[in-house]
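*Asks:* This is what each chain is made of:
There are 2 protein chains.
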Amino acid sequence: MAKKTVSVREVLRAPSGAVSLADIDPRDTPSAPGDKDATKAQLAADGAELAVLQEKLYAEGATGGTRRVLLVLQGMDTSGKGGVIEHVAGSVNPQGLAITSFKKPTPEELRHGFLWRVRRAVPAPGLIGVFDRSHYEDVLIGRVRELATPAVIERRYREIVRFEDQLAESGVTIVKCMLHVSKWEQKQRLLARLDDSTKRWKFNPGDIDERALWDQYQRAYEIAVERTSTQTNPWYVVPSDRKWYRNWAIGRLLLEAVQDLDPRFPPADYDVAAQRDRLIDEAD
Amino acid sequence: MAKKTVSVREVLRAPSGAVSLADIDPRDTPSAPGDKDATKAQLAADGAELAVLQEKLYAEGATGGTRRVLLVLQGMDTSGKGGVIEHVAGSVNPQGLAITSFKKPTPEELRHGFLWRVRRAVPAPGLIGVFDRSHYEDVLIGRVRELATPAVIERRYREIVRFEDQLAESGVTIVKCMLHVSKWEQKQRLLARLDDSTKRWKFNPGDIDERALWDQYQRAYEIAVERTSTQTNPWYVVPSDRKWYRNWAIGRLLLEAVQDLDPRFPPADYDVAAQRDRLIDEAD
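Sequences listed follow chains E and U, in order. Residue numbers are given in the UniProt record's numbering: position 55 of the first sequence equals residue 55, and the series is strictly consecutive. Residue numbers are given in the UniProt record's numbering: position 72 of the second sequence equals residue 72, and the series is strictly consecutive.
Hints were generated in silico from the structure; no laboratory data involved. Glycine included, C-beta positions come from ideal geometry on N, C-alpha and C. Do not rely on the hints blindly, as some may be mistaken.
With a straight-line Cα cutoff of 25 Å, these simulated DSS-like cross-link-like pairs (lysine-lysine) come out [stated by the list, open to error]:
hint, chain 1, residue 1, chain 2, residue 2
1, E, Lys183, E, Lys199
2, E, Lys56, U, Lys103
3, U, Lys183, U, Lys243
4, U, Lys243, E, Lys56
5, E, Lys199, E, Lys40
6, E, Lys104, U, Lys56
7, U, Lys243, U, Lys199
8, E, Lys56, U, Lys199
Computed footprint of chain E on chain U, listed as stretches where at least three residues anywhere in the stretch have a Cβ under 8 Å from a Cβ of chain E [claimed, not checked]:
hint, segment
9, 59-71
10, 91-97
11, 269-277
Bound conformation, chain E alone (with noise of 0.2 Å):
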């Protein structure tokens, strides 16, 4: 049995104010419970323990309840979002899940704010959503591209700040997780997928061409961390450079962000012994 461990989430939550990448080190494994072996059986268990609470908060949902969880995953290529979406929200039940993956806006999304695609692809009461990148694309390649004007940028973090607020209210549990690796490790995973023909086809050329900008997305990340980490809707950032660390510590925040919600299964609203007797009692 793994060691028992502090909240994650006090280990990995941003600092208020002045962030720095640098400072955090992509391969380190805060508070993990143990070696690779045991961290990896600890996010097995944690992952059997979300499906039982996932089925209760879906039984929740069904019955009128509004509370669900949506985990934000952000990063650079390679950084892991998918190998998270596989390893931890494989754990659950399909049926409770939300995966939305946001790709280069389409026209559509274009004539619409940022925001517009985002609200449609709010998790429904009782489900645990997941957004493969997300919003912050418009602050992150938004900015470093400059895809908007300074301004704009500046007034998206405070609409992000202000929609998660509301998301908050409407009773949305959001875990922002920043997926952070190492620029030599990307390499490393880009080799290996050029070396892999089963892996080939996740490869785009112009992903070497953004590493040409990479101290501008490190910077990008800083300030929309800074500006969008809140009291109530706080960032994580996750050393991502070791896999089976990134998959628990993500899988270890969803937990605990479902835990704190304590979801039961509902009571019966109808008279269960009269409904039994119907049953019984039916002409067949």
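Assemble the complex: chain E is given as a structure, and chain U must be docked to it using the hints.
*Replies:* Quick look at chain U alone, frame taken from chain E:
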């Protein structure tokens, strides 16, 4: 190792012409690979194979392919649509799934044609979509509860056939399953829900009212299957009183459909060696 089975599609495919559900035993287990334990083991093995094929289909979709699969699940209450999603769809990466649960139409949905909400839920290329209930509700409960005139119901069968033909032309392989349970088995399952405090939320007193219309529902299913089972988009009638058989059979129908597509990891559309050199030679 379980013994080799014949194609379950041939065995479960609805007959052309008149369909008599009374002649199909819901407790039957046609072409099962063995007893309950052996069949469960085969389901796990099939699930692993499906997961691998699904990743290839996903890769195809991510690189311009248009093919996808849509599993349509229809059946009376307690027939196990949710169980199939958990045990069959649960074996693949959740990123590759698009699950839609069709409830009583909303006021907005009612303002549109009955296929409006269905078109919006068609899986994107590369995905396996699952419909938990579907457009068939509009010719099932729609017929039994007389939610539309007979003339409208008649027209819907033709609209459904045309709609599904269009889907097939746009790359969607549809696998339509009717989960065939007996009235007796449904009673046992409803009693089990009443007797289990973690399942009472799934029970609704209206479920017993619907049982009074059992024969009309069976007839509505027969007519729907007769009118909409085509060469391209056939119906499968899956005996579902034994959950282990139902899960294996539907998993197998899905697996065979994806096997037929024979998806492959796309080759690189760039010069692998050149990109490798770019990465290696990168200034740091």
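*Asks:* Now, for every hint given, state plainly whether the structure supports it.
*Replies:* Quick rundown of the hints versus the structure:
Pair hint E/Lys183 plus E/Lys199 holds up; C-alpha atoms about 20 Å apart against a cutoff of 25 Å. A C-alpha spacing of about 20 Å is found between E/Lys56 and U/Lys103, which places the hinted pair at or below 25 Å, so the restraint holds. For the hint pairing U/Lys183 with U/Lys243, the CA-to-CA distance comes to about 15 Å; that is within 25 Å, so the pair holds. Annotation: proposed proximity of U/Lys243 to E/Lys56 holds, straight-line Cα distance about 22 Å (limit 25 Å).
The hinted pair formed by E/Lys199 and E/Lys40 meets the criterion: a straight-line CA distance of about 24 Å does not exceed 25 Å. Under the criterion of a C-alpha separation no larger than 25 Å, the hint pairing E/Lys104 with U/Lys56 is consistent with the structure, at around 22 Å. Our distance criterion of 25 Å between C-alpha atoms is met by U/Lys243 and U/Lys199, whose separation comes to about 17 Å. Between the alpha carbons of E/Lys56 and U/Lys199 the distance comes to roughly 10 Å, so the proposed pair stays at or under 25 Å and holds.
Check result for the segment 59-71 of chain U against chain E: holds, 3 residues qualifying (beta carbon to beta carbon below 8 Å, three or more required). Taking a C-beta to C-beta cut-off of 8 Å, the segment 91-97 of chain U contributes 4 residues in contact with chain E, enough for the three needed, and the coverage statement holds. With a cut-off of 8 Å between beta carbons, the segment 269-277 of chain U has 4 residues touching chain E; three or more are needed, and the interface restraint holds.
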